[in-house]
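2 protein chains.
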Amino acid sequence: MKGPASLDRLIVELQKLPGVGRKTAERLAFHVLKGAPAEVKKLAQALVDVKEKVRLCSLCCSVTENDPCDICADTRRDRSLICVVEEPADVFAIERINEYKGVYHVLMGALSPLDGIGPEDLKLAELQRRVAAGGVREVIVATNPNVEGEATAMYVARVLADAGTLVTRIARGLPMGGDLEYADEVTLSRALDGRLKM
Amino acid sequence: MKGPASLDRLIVELQKLPGVGRKTAERLAFHVLKGAPAEVKKLAQALVDVKEKVRLCSLCCSVTENDPCDICADTRRDRSLICVVEEPADVFAIERINEYKGVYHVLMGALSPLDGIGPEDLKLAELQRRVAAGGVREVIVATNPNVEGEATAMYVARVLADAGTLVTRIARGLPMGGDLEYADEVTLSRALDGRLKM
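Going line by line, the protein sequences match chains A and B.
So the first sequence is numbered by the numbering used here: it starts at 48 and just counts up by one.
So the second sequence is numbered by the numbering used here: it starts at 48 and just counts up by one.
What the hints contain is simulated information worked out from the structure, not anything from laboratory work.
Keep in mind that a hint or two might mislead.
Which copy is meant is left open, so a pair is good if it fits within one copy or across any two.
[As the list claims (entries may be wrong)] Quick list of in silico lysine to aspartate or glutamate cross-link-like pairs, DMTMM-like style, CA-CA up to 20 Å:
hint: 1; residue 1: Lys170; residue 2: Glu185
hint: 2; residue 1: Lys88; residue 2: Asp55
hint: 3; residue 1: Lys89; residue 2: Glu99
hint: 4; residue 1: Lys148; residue 2: Glu134
hint: 5; residue 1: Lys100; residue 2: Glu112
hint: 6; residue 1: Lys88; residue 2: Glu99
hint: 7; residue 1: Lys100; residue 2: Asp117
hint: 8; residue 1: Lys170; residue 2: Glu197
hint: 9; residue 1: Lys100; residue 2: Asp55
hint: 10; residue 1: Lys81; residue 2: Asp55
hint: 11; residue 1: Lys88; residue 2: Asp231
hint: 12; residue 1: Lys98; residue 2: Asp114
hint: 13; residue 1: Lys81; residue 2: Glu99
hint: 14; residue 1: Lys49; residue 2: Glu134
hint: 15; residue 1: Lys170; residue 2: Glu112
hint: 16; residue 1: Lys81; residue 2: Asp137
hint: 17; residue 1: Lys148; residue 2: Glu133
hint: 18; residue 1: Lys89; residue 2: Glu195
hint: 19; residue 1: Lys81; residue 2: Glu112
hint: 20; residue 1: Lys148; residue 2: Asp137
hint: 21; residue 1: Lys70; residue 2: Glu133
hint: 22; residue 1: Lys81; residue 2: Asp114
hint: 23; residue 1: Lys100; residue 2: Asp114
No experiment lies behind these values; they were computed from the predicted model shown.
Go ahead and model the full structure; you've got the sequences and the hints to work with.
Here it is, written out as structure tokens:
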């Protein structure tokens, strides 16, 4: 932008964030420039803190400051029920519905040969160990309903096939509030395949 | 989000940025969490640096690390021509067209009674002083073509009325590449009013 060097540097750094282009980076930078110094320090400190304090839970591989994480440490949670998700954000998404009482296992990604992500890059061995240790009644595979997530789900099912544990997959179908007329063919086909007795 | 405390804190801080809601803040926070620690430190440092190093130019009130700023200090710029803008970002926008050879004056806002921004909140006295000091041939008022910007432009013209300097306003009309059919009434009316001899 050829503004002050430190401003240009901030704009360059902000542009590295996902979904932030030049215009947005400039807008954010000028906002920071106008903001109170204390507020900016708080943001900078929060950025550094998160890298220093947050690590992976040794049980479920989700992000946490304490090990084991709050969910794994909670004795009221049903440890015989494991929900397998791709990312820590998915854990928080499911927690928000305030219904699920089991525990989680975060794979930290999905199988994606094109991106060079194979089984050894995911937390699959950790999942296998947890199930092999016994006491697990059901594993709910809640990876994303896209190509990578579906492939990962099938791989998880195969890996756990000999463990004698029930492996289930979350339902794929029409989203609530959606419109049958505008549903894509794959979703509609899934919705028919997955029909349940009323 | 009820995730790790430092992650929640980062999400709260990120949400204070303009145009960043909960979902975007979460996405950015998880990006930071996955990123290299060195990259995150660079961003945090850039945030702190910008507040510490950048200040206002004592001449044109734009943002700069050196006082006077590079533009005001540049002897090749025409100091008898002052372009008045609302924000430092506007200076960089005009600089990008690589045509303007005069200097700038940044008002640091626009008149907005509803937001409690009056003339004393803008860098108007500084502009008056610069013009009164003499040697200014023309003042181009390039505030935004909206209600606040137009009101500010009129105010600037009034303030400089007795200085004996030519005060001009940037043209308002149809944007290049635009379509007459889809232009709004106010723009079209302005375009007609501001017609020039061919």
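Verification of the hints:
1. For a Cα distance limit of 20 Å, the shortest separation of lysine 170 from glutamate 185 inside one copy, 18 Å, qualifies, whereas the shortest one across copies, 67 Å, does not.
2. Taking identical chains as interchangeable, the C-alpha atoms of lysine 88 and aspartate 55 lie at most 20 Å apart whether they share a chain (18 Å) or sit on different chains (16 Å).
3. For the identical chains of this complex, lysine 89 and glutamate 99 are neighbours both inside a copy (15 Å) and across copies (14 Å), given an alpha-carbon limit of 20 Å.
4. Taking the shortest alpha-carbon separations for lysine 148 and glutamate 134, only the intra-copy value of 18 Å comes in at or below 20 Å, while the best inter-copy value is 52 Å.
5. Taking the shortest Cα distances, lysine 100 and glutamate 112 sit within 20 Å of each other inside one copy (6 Å), while across copies they are farther apart (34 Å).
6. For the homomeric pair lysine 88 and glutamate 99, the shortest alpha-carbon distances inside one copy (16 Å) and between copies (11 Å) are both at most 20 Å.
7. Within a single copy, lysine 100 and aspartate 117 get their C-alpha atoms as close as 15 Å, which meets the 20 Å cut-off; across copies the closest is 41 Å, which misses it.
8. For a Cα distance limit of 20 Å, the shortest separation of lysine 170 from glutamate 197 inside one copy, 16 Å, qualifies, whereas the shortest one across copies, 60 Å, does not.
9. Proximity of lysine 100 and aspartate 55 under a CA criterion of 20 Å is satisfied inter-copy only: 12 Å between copies versus 29 Å inside one chain copy.
10. Taking the shortest Cα distances, lysine 81 and aspartate 55 sit within 20 Å of each other inside one copy (15 Å), while across copies they are farther apart (24 Å).
11. Taking the shortest Cα distances, lysine 88 and aspartate 231 never come within 20 Å of each other, neither inside one copy (47 Å) nor across copies (43 Å).
12. Taking the closest pair of Cα atoms, lysine 98 and aspartate 114 come within 20 Å of each other only inside a single copy of the chain (16 Å); across copies the shortest separation is 36 Å, beyond that limit.
13. In this assembly of identical chains, lysine 81 and glutamate 99 lie within 20 Å of each other by CA distance solely across copies; the values are 12 Å between and 28 Å within a copy.
14. For a Cα distance limit of 20 Å, the shortest separation of lysine 49 from glutamate 134 across copies, 15 Å, qualifies, whereas the shortest one inside one copy, 38 Å, does not.
15. In this assembly of identical chains, lysine 170 and glutamate 112 lie within 20 Å of each other by CA distance solely inside one copy; the values are 19 Å within and 48 Å between copies.
16. In this assembly of identical chains, lysine 81 and aspartate 137 lie within 20 Å of each other by CA distance solely across copies; the values are 15 Å between and 35 Å within a copy.
17. Within a single copy, lysine 148 and glutamate 133 get their C-alpha atoms as close as 18 Å, which meets the 20 Å cut-off; across copies the closest is 55 Å, which misses it.
18. Taking the closest pair of Cα atoms, lysine 89 and glutamate 195 never come within 20 Å of each other, the shortest separation being 37 Å inside a single copy and 32 Å across copies.
19. When the C-alpha separation of lysine 81 and glutamate 112 is checked against a cutoff of 20 Å, the pair qualifies only between copies, where the shortest distance is 15 Å, while the shortest distance within a copy is 33 Å.
20. In this homomeric assembly, lysine 148 and aspartate 137 come within 20 Å of each other (Cα to Cα) only inside a single copy, at 15 Å, whereas the closest approach across copies is 53 Å.
21. For a Cα distance limit of 20 Å, the shortest separation of lysine 70 from glutamate 133 across copies, 17 Å, qualifies, whereas the shortest one inside one copy, 31 Å, does not.
22. In this homomeric assembly, lysine 81 and aspartate 114 come within 20 Å of each other (Cα to Cα) only across copies, at 18 Å, whereas the closest approach inside a single copy is 39 Å.
23. In this assembly of identical chains, the alpha carbons of lysine 100 and aspartate 114 lie at most 20 Å apart only when taken from the same copy (11 Å versus 40 Å across copies).
In terms of the numbered hints stated before, the structure departs from hints 11, 18, listed from lowest to highest.
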